[in-house]
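Participant: Could you build the full structure based on these sequences and the hints that come with them?
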Amino acid sequence: MTEQAGDRLHMQFDDNSLLPQLYGERDRHLDRIEREFGVSLVSRGNKLAIAGPHDSADAARTALTSLYQRLKKGLEVDNAAVDAALKRASLRADQQWGEAEEIHTRKRRIAPRSANQAAYLKALRSHELVFGLGPAGTGKTYLAVAMAVDMLMAGSVERIILSRPAVEAGERLGFLPGDLREKVDPYLRPLYDALHDMLPGEQVIKRLSSGEIEIAPLAFMRGRTLANAFVILDEAQNTTPVQMKMFLTRLGEHSRMAVTGDLSQVDLPPRTRSGLADALETLDGETAIAVVNFTDADIVRHPLVSRIVRAYDRRDRKRRKRDDAAGD
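Going by our numbering, the first residue of the sequence shown is number 2, and it counts up by one from there.
Because the hints were derived from the structure by calculation, they are not lab data.
It cannot be assumed that every hint is accurate.
[Stated by the list, open to error] The calculated lysine to aspartate or glutamate pairs, modelled on EDC-like cross-linking and capped at a C-alpha distance of 20 Å, are:
hint: 1; residue 1: K73; residue 2: D16
hint: 2; residue 1: K108; residue 2: E77
hint: 3; residue 1: K88; residue 2: D32
hint: 4; residue 1: K88; residue 2: E37
[Stated by the list, open to error] Label-pair ranges, simulated between beta-carbon atoms:
hint: 5; residue 1: H197; residue 2: G156; range: 15 to 25 Å
hint: 6; residue 1: R126; residue 2: S41; range: 33 to 43 Å
hint: 7; residue 1: N17; residue 2: P187; range: 43 to 53 Å
hint: 8; residue 1: T296; residue 2: F221; range: 26 to 36 Å
hint: 9; residue 1: A228; residue 2: P201; range: 37 to 47 Å
hint: 10; residue 1: S127; residue 2: P270; range: 31 to 41 Å
hint: 11; residue 1: K246; residue 2: P21; range: 52 to 62 Å
hint: 12; residue 1: G253; residue 2: R308; range: 38 to 48 Å
hint: 13; residue 1: S44; residue 2: S265; range: 41 to 51 Å
All residues carry an ideal CB built from backbone N, CA and C; glycine is no exception.
Facilitator: In structure tokens:
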């Protein structure tokens, strides 16, 4: 409940047990909200007073209400959730996103933290082929894995197939120690990590053993038809056009594909065209395909990551302008 009294807004919460999580350790979440909106927050019991300019106080109230509702749904309130609430409270009404696409997995509930994440989840549920593009930390792969697990648990697909090209910063598998599994596992580790975030460890092991979940390098997809499956290709910017065509044409009956990548992070040899860029150009205009472009504003990792991405983008734009000027 919210009341207006003079130049202050007063909030009252009906579940005191949630307030330590809402306010954060040593009130760190309240401190962030105060700094973000230039308001003063004073708590007393189950009541909270918000003092400051009307629009700023209203935005703080919106953020706190959103976070409190997350807690009532059983969702956690961590730094990333606070970031999302602050971002959302700062948007105009016509820029807001709903949480209808919330995903329930065995270990957690996952809700979109930006308008682009909400659009991405909606696309993953409604399209057979979705491209998720943008910088690291925007949830491209994580949300795709969450949707795959959700659809597997619901019986919408019979298996999950997760794949990556085994190319990283110029390394070649043949020069790495160990057998084939030991060579490729480091490339696939982020996919294992995402799965363990969605399912209990014993469930991951059981489903990997049964083939219900498969994690494999892209080369293992050749010659297969992937039916009744949710198929994810991660780090797709590191495919060649031939590899990308091979992968996309594996799509079988009652299957879905999610292709994720960041075209600013291509690790292919010089003068090798990215299969992701080639596919986007080739398939441009295909209405059955969804393309969701993430930006640094969608990053849900440490706040510094957004600033790092923006700094690199500024550097790259300056280089392109300099190169263009030199070519004139």
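Participant: Would you mind marking each hint as holding or not holding in the structure?
Facilitator: Consistency of the hints with the structure:
{"no.": "1", "hint": "K73 <-> D16", "verdict": "holds, 9 Å"}
{"no.": "2", "hint": "K108 <-> E77", "verdict": "holds, 12 Å"}
{"no.": "3", "hint": "K88 <-> D32", "verdict": "holds, 16 Å"}
{"no.": "4", "hint": "K88 <-> E37", "verdict": "holds, 10 Å"}
{"no.": "5", "hint": "H197 <-> G156: 15 to 25 Å", "verdict": "holds, 22 Å"}
{"no.": "6", "hint": "R126 <-> S41: 33 to 43 Å", "verdict": "holds, 42 Å"}
{"no.": "7", "hint": "N17 <-> P187: 43 to 53 Å", "verdict": "holds, 47 Å"}
{"no.": "8", "hint": "T296 <-> F221: 26 to 36 Å", "verdict": "holds, 33 Å"}
{"no.": "9", "hint": "A228 <-> P201: 37 to 47 Å", "verdict": "violated, 27 Å"}
{"no.": "10", "hint": "S127 <-> P270: 31 to 41 Å", "verdict": "holds, 37 Å"}
{"no.": "11", "hint": "K246 <-> P21: 52 to 62 Å", "verdict": "holds, 53 Å"}
{"no.": "12", "hint": "G253 <-> R308: 38 to 48 Å", "verdict": "holds, 43 Å"}
{"no.": "13", "hint": "S44 <-> S265: 41 to 51 Å", "verdict": "holds, 43 Å"}
The structure fails to meet hint 9 from the earlier list, while all remaining hints are met.
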